[in-house]
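Enquirer: Model the full structure from these sequences, guided by the hints.
Next come the chains, spelled out residue by residue.
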Amino acid sequence: GAGVSQSPSNKVTEKGKDVELRCDPISGHTALYWYRQSLGQGLEFLIYFQGNSAPDKSGLPSDRFSAERTGGSVSTLTIQRTQQEDSAVYLCASSSGYEQYFGPGTRLTVT
Amino acid sequence: AQSVTQLDSHVSVSEGTPVLLRCNYSSSYSPSLFWYVQHPNKGLQLLLKYTSAATLVKGINGFEAEFKKSETSFHLTKPSAHMSDAAEYFCVVNNNQAGTALIFGKGTTLSVSS
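Read top to bottom, the protein sequences are chains A and B. Numbered per my numbering, the first sequence spans residues 4 to 114. Numbered per my numbering, the second sequence spans residues 12 to 125.
Keep in mind that the hints are not guaranteed to be accurate.
Said to hold, decoys possible - Once the Cα atoms are required to be at most 30 Å apart in a straight line, the calculated BS3-like pairs of lysine-lysine come out as:
| no. | chain 1 | residue 1 | chain 2 | residue 2 |
| --- | --- | --- | --- | --- |
| 1 | A | K18 | B | K117 |
| 2 | A | K14 | B | K69 |
| 3 | A | K14 | A | K60 |
| 4 | B | K117 | A | K60 |
| 5 | A | K60 | A | K18 |
| 6 | A | K18 | B | K69 |
| 7 | A | K60 | B | K60 |
| 8 | A | K60 | A | K20 |
| 9 | B | K53 | B | K117 |
| 10 | B | K117 | B | K69 |
| 11 | B | K79 | B | K60 |
| 12 | B | K69 | B | K80 |
| 13 | B | K69 | B | K79 |
| 14 | A | K14 | B | K117 |
| 15 | B | K60 | B | K80 |
| 16 | B | K69 | B | K53 |
| 17 | B | K60 | B | K117 |
| 18 | B | K53 | A | K20 |
| 19 | B | K69 | A | K60 |
| 20 | B | K117 | B | K79 |
| 21 | B | K80 | B | K117 |
To be verified - Chain A is faced by these chain B residues, among others (derived, beta-carbon under 10 Å):
| no. | residue |
| --- | --- |
| 22 | F45 |
| 23 | Q49 |
| 24 | G54 |
| 25 | Q56 |
| 26 | K69 |
| 27 | F101 |
| 28 | V103 |
| 29 | L113 |
Don't read these hints as lab results, they were simulated from the structure. All residues carry an ideal CB built from backbone N, CA and C; glycine is no exception.
Expert: Shown next as structure tokens:
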């Protein structure tokens with residue numbers, strides 16, 4: 004079946020601009036996660052959605068980062084006023100249990 | 012608090028020789044442990060997982076890992092490396108509750124030479 008999809012696959016933006024990254028989870032998965040993979044920092048958790056519960060935002064690095072999940076399915080990660088240190092691969096994962104299934108990621112480059 | 016330490020940032024082996032990627036974990040709970048692989052420009056793929064069943068876990072592509080609670084280790088092994096095994100490998104832990112964020116190790120790059 005279809006896996007987790009993310010769009011765009013690559014995004015180049017100028018410093019100070021806002022960006023939106025999209026994640027389509029596997030149908031029926033109630034949990035959705037955003038992670039960031041950057042050089043020197045490894046893979047770090049950003050935010051987690053579970054059903055209709057309030058999201059766990061404990062991993063967001065600053066208030067420029069926000070995410071929403073509409074209708075318990077698609078999620079959008081928004082980064083406002085992008086900075087060069089935001090350059091990374093942003094990964095989305097969905098889950099219905101212990102195992103998380105990852106999307107291919109969005110590579111964000113801030114120039 | 013939970014954490015994962017991958018003891019080698021880079022491992023190089025020859026094709027046909029054994030692979031050992033080392034991982035130690037720290038967890039206040041009975042953990043679930045995973046190994047993920049990431050090939051260049053591709054997404055993360057689950058190799059295998061331990062969730063408190065058998066301590067020796069077999070995964071895809073001939074990989075296996077053994078959970079050793081006394082040593083807090085979860086090392087990944089394969090008897091004979093293939094060129095296609097060259098990739099980044101991540102040891103991962105969570106607190107054994109479905110629906111919690113994964114804690115990733117820094118990764119080990121596996122190089123395989125012919």
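Enquirer: All hints, please: hold or fail.
Expert: Results of checking the hints against the structure:
Proposed proximity of K18 (chain A) and K117 (chain B) is supported: the alpha carbons are some 28 Å apart, at most 30 Å. In summary, the hint linking K14 (chain A) to K69 (chain B) is not supported, as the alpha carbons are separated by about 38 Å, beyond the 30 Å threshold. Pair hint K14 (chain A) plus K60 (chain A) holds up; C-alpha atoms about 23 Å apart against a cutoff of 30 Å. For the hint pairing K117 (chain B) with K60 (chain A), the CA-to-CA distance comes to about 22 Å; that is within 30 Å, so the pair holds.
For a cut-off of 30 Å, the pair hint linking K60 (chain A) to K18 (chain A) stands: about 24 Å separates their Cα positions. Distance check on the hinted pair: K18 (chain A) and K69 (chain B) sit about 46 Å apart at the alpha-carbon level, beyond 30 Å; violated. Restraint check for K60 (chain A) and K60 (chain B): the C-alpha separation of about 26 Å stays at or below 30 Å, so the hint holds. Of the supplied pair hints, the one linking K60 (chain A) and K20 (chain A) holds, its CA atoms being roughly 22 Å apart against a limit of 30 Å.
Restraint check for K53 (chain B) and K117 (chain B): satisfied, since their Cα atoms lie roughly 17 Å apart, inside the 30 Å limit. Using a Cα cut-off of 30 Å, the hinted pair K117 (chain B) and K69 (chain B) holds, with the two alpha carbons roughly 23 Å apart. For the hint linking K79 (chain B) to K60 (chain B), the alpha-carbon distance of about 14 Å falls within 30 Å, and the restraint holds. At roughly 17 Å between alpha-carbon atoms, K69 (chain B) and K80 (chain B) fall within 30 Å of each other, so this suggested pair holds.
Of the supplied pair hints, the one linking K69 (chain B) and K79 (chain B) holds, its CA atoms being roughly 15 Å apart against a limit of 30 Å. For the hint linking K14 (chain A) to K117 (chain B), the alpha-carbon distance of about 25 Å falls within 30 Å, and the restraint holds. Under the criterion of a C-alpha separation no larger than 30 Å, the hint pairing K60 (chain B) with K80 (chain B) is consistent with the structure, at around 15 Å. Distance restraint check for K69 (chain B) and K53 (chain B): the Cα-Cα separation of roughly 23 Å lies within the 30 Å cut-off, and the hinted pair is therefore satisfied.
Proposed proximity of K60 (chain B) and K117 (chain B) is supported: the alpha carbons are some 18 Å apart, at most 30 Å. At roughly 27 Å between alpha-carbon atoms, K53 (chain B) and K20 (chain A) fall within 30 Å of each other, so this suggested pair holds. Between K69 (chain B) and K60 (chain A) the CA atoms are separated by roughly 34 Å; this puts the pair beyond 30 Å, and the hint is violated. The suggested pairing of K117 (chain B) with K79 (chain B) holds, with an alpha-carbon distance near 21 Å, which does not exceed 30 Å.
Restraint check for K80 (chain B) and K117 (chain B): satisfied, since their Cα atoms lie roughly 21 Å apart, inside the 30 Å limit. The interface hint given for F45 (chain B) holds, since its Cβ lies 8 Å from the closest Cβ of chain A, which is under the 10 Å cut-off. Because the beta carbon of Q49 (chain B) sits about 9 Å from the nearest beta carbon in chain A, less than 10 Å, this interface hint is met. This hint holds: G54 (chain B) has a C-beta 4 Å from the nearest C-beta of chain A, less than the 10 Å allowed.
Here the hint on Q56 (chain B) is kept, as its CB sits about 8 Å from the closest CB of chain A, short of 10 Å. Proximity of K69 (chain B) to chain A is violated relative to the hint, the smallest CB-CB distance being about 16 Å (cut-off 10 Å). Hint status for F101 (chain B): holds, given a least beta-carbon distance of 7 Å to chain A, under 10 Å. Taking 10 Å as the C-beta cut-off, the interface hint given for V103 (chain B) holds, the closest approach to chain A being about 9 Å.
Because the beta carbon of L113 (chain B) sits about 6 Å from the nearest beta carbon in chain A, less than 10 Å, this interface hint is met.
Checked against the numbered hints listed earlier, the structure breaks hints 2, 6, 19, 26; every other hint is satisfied.
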